[in-house]
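Asks: Protein sequence lines, in the order shown, are assigned to chains A and B.
Residues 37 to 181 (our numbering) are what the first sequence spells out, left to right.
Residues 5 to 767 (our numbering) are what the second sequence spells out, left to right.
Among the hints, erroneous ones may be present.
Sample of chain A residues facing chain B (criterion: CB under 8 angstroms; computed from the structure) [as the list claims (entries may be wrong)]:
no.	residue
1	R70
2	P72
3	I82
4	E119
Hints in this document: simulated from the structure, not taken from any laboratory.
We treat Cβ as the ideally placed atom computed from N, Cα and C, and that holds for glycine.
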Amino acid sequence: MAGIDLCTFELGAGHYAVDASRVQEVVRGQELTRVPLAPPAIAGLINMRGALVTAVDLRRLLGLEEDVDAAIGTNLVVQADGEVVSLLVDGIGDVIRVDEAMLEPPPHTLPAELQQLLTHSCQLPETVLLVLDVDRAMVVAAARA
Amino acid sequence: MSEIDEIVHEFLAESREGLDQLDRDLLALDDDPNAGDPLDSAFRALHTVKGTAGLLGYAGVEELAHAAEQVLGGVREGSTALSPAITAALLMAGDALRAQLAHIEETDSDDHPAPEAALRALDAAASPNAGGPPGGDGVVAVPMPASSPPAASAEPVTDLGAATSPEAAAGADVQAASVAVAPTVAATAGGIEAASELAALHDDGEHTPASVATVGVLESTVRVDVAVLDDLMNLVGELVLARNRLRELAAGRVDADLTSVTGRLHQVTGELQQRVSRTRMQPLSVLWGKLPRLVHDLAIACGKEVRIETHGADTELDRSVLEAIRDPVTHLVRNAIDHGIESPAVRAAAGKPVEGCLSLRAFHESGRVHIEFSDDGGGIDLEAVRRRAVDRRLLDPAAAERLDDRELLQLVFAPSFSTTDAVTQLSGRGVGMDVVKTNVERIGGTVDLRSVRGEGTVCAVTIPLTLAIVPALAVCAGDDRFLIPQVHISELVRLDPAASGPGVEDVLGSQVYRRHGQLIPVIDLVGVIAGDGPRPTMSSASRTLVVIHVDGERFGLVVDGVQDTQDIVVKPLGRCLSDIQVFAGATIMGDGRAALILDVHGLAKRADVLTSHTSAWQATEPIAPEPETADRVRMLVVQASDTRQAVLPLHAVARLERHAREGIERLATGAAVQSRGKVLPLVELAVVLGAEVTASADPFDVVVLDLDAGRRCGLVVDAILDVVEVDAADSGSSIVDGRIIEHVPLDRLRAASRSVDLVTAGR
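Produce the entire structure from the sequences given, and follow the hints as far as they go.
Replies: So, in structure tokens, the structure goes:
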């Protein structure tokens, strides 16, 4: 059964996922150093075992509501667009294997901006999973200045 | 990289070095055909290339190297006399070998047969002595001194070759042995030893352990892949960060053991850092090794005679810096030969030795590397520079006339500037010097020219020793912390709002600071990082002014506080952040948090400081600021000609601007410039005062005045000098610094601005 592994996560009220093969690690509670003058979707820099990693404010990028006390969230560290970045999420879910046949295009009901950042949506028993296009997300995050 | 790839990689690197050595030796032999050392060394170089190539199955390389080796062998034996034809043929062979190596590198196979031309040339050169043994036997037959290590590896090649078809055998054997050999390759002294080990594996007993040992003793250096060094450097960087973190944690605890261990760790890490930095250092000889050949070829091509002298070849530089100056060095050498050194005829006529000399001197001083390129050529023709500047419309003739020697030399660095009409293929168009300057400055270096007509030119380049670990000052602005590279900091000044004495002054909306008799522009870091956002309220606490110098200019950066200077590891920012002008990178501080490193060039640009009018200000003498009272009026002191000064009330001044001469447009009503999207009529202050107008091509200062009912005019002055306070009761003139200075008659100005063109044609 052909399928892809997806690493799921929660952000706000929604359930999302990224291609598990892109996920490097998950790190909690890293202090964020803000970068003035950076594009709004960039939350700042975090120190990961001595390496500097750019952290992306995924809420902002996806156009979701701001979370007031999301100072130190969970870092989903992925390989995106050729570099290692951290996506700030609320919580990490399981890694699930999804049959390719279950992947559908993102629902048209979503705002166009959000649709652009998704590769697919996936109907699961309890919820709809939105699969994020990490490469595209980085390009867009950098561009919106 | 697979194991076989590593060996090939080694072979290519080594052979290239060998060929460079061959070049140098051949040139040395050219000068002194009887020199024994270059002859031996050249022979060894060829022999090694041939041997290893054969071992790896590169028949084409082997054949060519063999042919060249034969010829040189004949010279060594004495059966052939060294002649220019032979030298040329050997040089050609060296080039052909390089081409073959390049081919191998690209296509990973040797179907590049030995080039016919090179072989023929060698043949012709060697032919007077028909005694050379033919073909493959030649390897064994050529007599060699017993101490020559490559001899040990030569024989098995023949044996291997004779046994089965050479390439298959060599290939297969190498494959089989690669597991055993590869670790040795990495850990031992170069491919030669690998070859002899390999030989030892297949030639049981042919090689006594002694010959292998001989090879080991001769080479006490180790060849390490540069990528490995980079990794080491990164790891040490991480260690430095961890140490900083530990120090910080330990500082908070009272524990004698912890303190002492941390201290030791600090010491050891510091040393480790220093030494690993040194491994990335390579001697300048890496660059200079190729120069003799370059000079030789260039001189021939230009029809000149030039010799090159290098000093300080063992001066070391960080690898990345070396890479960065490779092109500039090549260009400067080309320039010197092409444009600097004169032809033999000209030199003879001038009483100079026919052979020109290009001397490269490198040395360490004050933490920087200095490289001086001196030639004893004709020097830079400053008059030609002046003429070229006018031709290229960089300046008008009158302005060009006024430039002094130093300024003319600076013009050479202007983009697209070349004083030779015959733009040669060698040096190319005059894009050279400005690119040299840009490249050198990009790595934090400086370039300077000195020249004496008829005697020669010296180009002095200075570059920093290393790039990756720099001392930096930590400063804070608001809740954020930033770092400023120490190399750009001139001084720190405490700004205490309560204290009297010089501080940051506000003039027409711009902040300036009076320093050593000069006004420098000032920007506030809090403001810069706020960008377009809301500015936070300024604290009334004392702040600090950091005086920064960059590109020969100075400006002040106001910060909330200053911490200590520490060595930091510069880490690049990710792609989405790297184009933020004001940040040059980031680092991890002792407390584990990231901190951004400020880019001083970017800061200056961001605040539009270096291009704004404030950078043109200069106070003639330091003036103690007098308390402003209702009886005093602030006046702007301007200079209308070389001697006459005038003052005008600051409240009438809307702003100060700087314009280029090209911006002047002539309208029916007079001269004007475009300013902020509007037309600004110009009035020449000199004319208004009845003084002499001095012609100039320089950008000029304009004091934009509010005249009446929304009308504005631009008062053209020679210089904006200072801001002073005078008695409000003064009229017509005031006493400033013990001199009488007249007031600019604003009424007349109003009248003048309405009349016809007052800006003289000279401008």
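Asks: Determine for every hint whether it applies to the structure shown.
Replies: A quick look at each hint next to the structure:
no., hint, result
1, R70, "holds, 7 angstroms"
2, P72, "holds, 4 angstroms"
3, I82, "holds, 7 angstroms"
4, E119, "holds, 6 angstroms"
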